[in-house]
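Once you have looked at the hints, place chain L on chain X.
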Amino acid sequence: MTDAIDIIKLFTEAAFEADGRTLVAISLDTKFSELSMDSVAVMETIGVFEQRLSIRFNDDDLARLTTLRDLDTLVSKIVRAA
Amino acid sequence: MPVSAASAERIYREYMSFFEKAEKHRRWSLFDDLPWDKLEACPRDPVLALCAETFCGVEMYLPDYVSQGINVMRESFGQAWFLANWGYEESKHSLALREYLLRTGQRTAEQIRAYEQTILAKRWTMPFATARQMTAYGMIQELTTYVFYKKHKQLALEKGDELLAAIYGFVSRDEIAHFGFYAGVARVLLEEDADGMKRDLAHVFRNFSMPAYELVPDYDGRVEFMRQAGIDRGAFVREVWLPVLKAIGVTRAELVGISREPATADALA
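First to last, the sequence lines map onto chains X and L. The first sequence begins at 1 in this note's numbering and counts up by one. The second sequence begins at 83 in this note's numbering and counts up by one.
Be careful, since some hints might not be right.
As the list claims (entries may be wrong) - Here are the simulated lysine-lysine pairs, DSS-like style, with alpha carbons at most 27 Å apart: (1) L:Lys106 / L:Lys174; (2) X:Lys77 / L:Lys328; (3) L:Lys233 / X:Lys31; (4) L:Lys106 / L:Lys232.
Stated by the list, open to error - So the derived list for chain X, only partly shown, Cβ under 7 Å to chain L, looks like this: (5) Ser33; (6) Ser39; (7) Val40; (8) Gln51; (9) Asp59; (10) Ala63.
By construction, these hints were calculated from the structure, which means they are not laboratory data. The C-beta atom is built at its ideal place from N, Cα and C for all residues, glycine as well.
One chain only, chain X, in its complex shape (with noise of 0.2 Å):
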């Protein structure tokens, strides 16, 4: 998990902010496709949480995530290279 930032827990609250939505017993291995969101749901979830943490994915690499894994990758990726 990314050093210092919590992936589930930002994603969740973010899942909360963006489509009121509580997410519960999720982990790193949890499929966007299994959260019960729509794919705009999920990716309003994901613009909070680049606002969050002032970080802006490039939209290619949005489209590829598949699980919370894959974000919590990507957002490793970005965090090193600033």
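For chain L alone, coordinates are given in the frame of chain X:
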């Protein structure tokens, strides 16, 4: 609340630009431009036929799409005239698919008539209330339809059906042109009322589903086959959501924090 005179003029110009390109470069004839000489070589593949029939069924709701759409857009000259032209183009789509099914012998005239009666026994109703929301919906729906047809064209080619691939090719070219018009109108509406348009866009995205699919008979049984060349979540984001935002100059960040409620229902455009 109608749009300003300046915006109405720009929407009219969008339509004239769209119409000029359509008249000069995009028109195609069901009779002369489709490769009917490939008819005998078509593979008679049940999956391809079922998918063509399903698309044909969705296109058959044309009377509902046009009548309801034109009523909500009638105060916007450019958009109302667009819908009249759109109706002509969409009518060719269902005719081409219908003729394909008949001429290849994959459906009989009786089967087509029965299908048509079942289709028209139900009515499609507009999924959103205002002209501006329907503009956002039209934009998303046309691009999604384009992506669907493009994928099914590839599937038809892979299965050796050059005739059906050609039909999907012409149809998808029309759909992407329709998307271009809606995107142009959306840009005008964004300049007119950025916050309201973004709220409506977010609302429509959140509640978007493809038109009439749920009305097509036995859609649950068809969906498995349609998905052989369908759009999953990732593809929707990559090929529809992000390109729509890019086309109208709205960033993902701008949609964050947008109200979950649509703009007022009396916003006409």
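task = Identify every previously stated hint that the structure contradicts and give their numbers, smallest first.
result = Nothing - there is no hint that the structure violates, so all of them hold.
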